[in-house]
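K.L.:
Sequence:
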Amino acid sequence: MPIPKTIVVPLDGSSFSERALPVAGALAERLDAGLVLVTAPWQQDPDDASDYLQQIATETPTRIVETIVDYDRVPIEAIADAARAGPDRVVCIATHGRGRFRWAVIGSVAEAVVSRSAEPVVLVGPRGSAESLRAPRR
945 MPIPKTIVVP LDGSSFSERA LPVAGALAER LDAGLVLVTA PWQQDPDDAS
995 DYLQQIATET PTRIVETIVD YDRVPIEAIA DAARAGPDRV VCIATHGRGR
1045 FRWAVIGSVA EAVVSRSAEP VVLVGPRGSA ESLRAPRR
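So the sequence shown is numbered by the working numbering: it starts at 945 and just counts up by one.
Treat each hint with caution, since some may be false.
[Claimed, not checked] Listed next, the in silico SDA-like pairs over lysine to any residue satisfying Cα-Cα at most 20 angstroms (straight line):
no.	residue 1	residue 2
1	K949	V1053
2	K949	A1029
3	K949	Y996
4	K949	T1011
5	K949	D991
Just so you know, the hints here were simulated from the structure itself, not pulled from any lab data.
Work out the full structure: start from the sequences and follow the hints.
P.N.:
Structure (C-alpha cells):
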C-alpha cells in the first residue's frame, strides 16, 4: 500500500468524535499528509454543520485539505464516499472501544466503517493518544 496522503476524519459535532483529531493531525504530520473533515448533518441544520467544520478547520494546526458536509447520505455512506474520493486515503475515527458484543447489540458507525471500507481505518479508542506518533522516528 502506498503511503497515505490524506487522512479522512469523520465528525458529528460531539467532543467524542473530535478525539480523533489529535491522532489524525499527528498522523498527517508524520506522513506529510492533509486532512479531510467530513460530516453528514442528516439530523441537524446544514448551516450549523458547515460552520462547525470551518471552526474545527481553523482551530486545527495541521493542513486541512478539504471539508465535506454531505447533506444527502447517512454518516456511514458519507464517510465511505469521502474515503473513496481520492487516492491513498485513510480514515481516522473515534470509537467507544466497547468490544464486539456491544457493537452487535447497539451498532456502531466505527464498526460499520471498518467492515465496509476498502481503505485502511485508524480507530481511536477512549485512551487513544497522539503522543506515540509525535515521538522521534527510529
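K.L.:
Hint by hint, note whether the structure agrees.
P.N.:
Do the hints match the structure? See the list:
Between the alpha carbons of K949 and V1053 the distance comes to roughly 23 angstroms, so the proposed pair goes past 20 angstroms and is violated. Of the pairs offered as hints, the one joining K949 and A1029 holds, with about 12 angstroms between alpha carbons and a cut-off of 20 angstroms not exceeded. For the given pair, K949 sits about 24 angstroms from Y996 by alpha-carbon distance, which is inconsistent with the 20 angstroms threshold. Distance restraint check for K949 and T1011: the Cα-Cα separation of roughly 16 angstroms lies within the 20 angstroms cut-off, and the hinted pair is therefore satisfied.
Of the supplied pair hints, the one linking K949 and D991 is violated, its CA atoms being roughly 29 angstroms apart against a limit of 20 angstroms.
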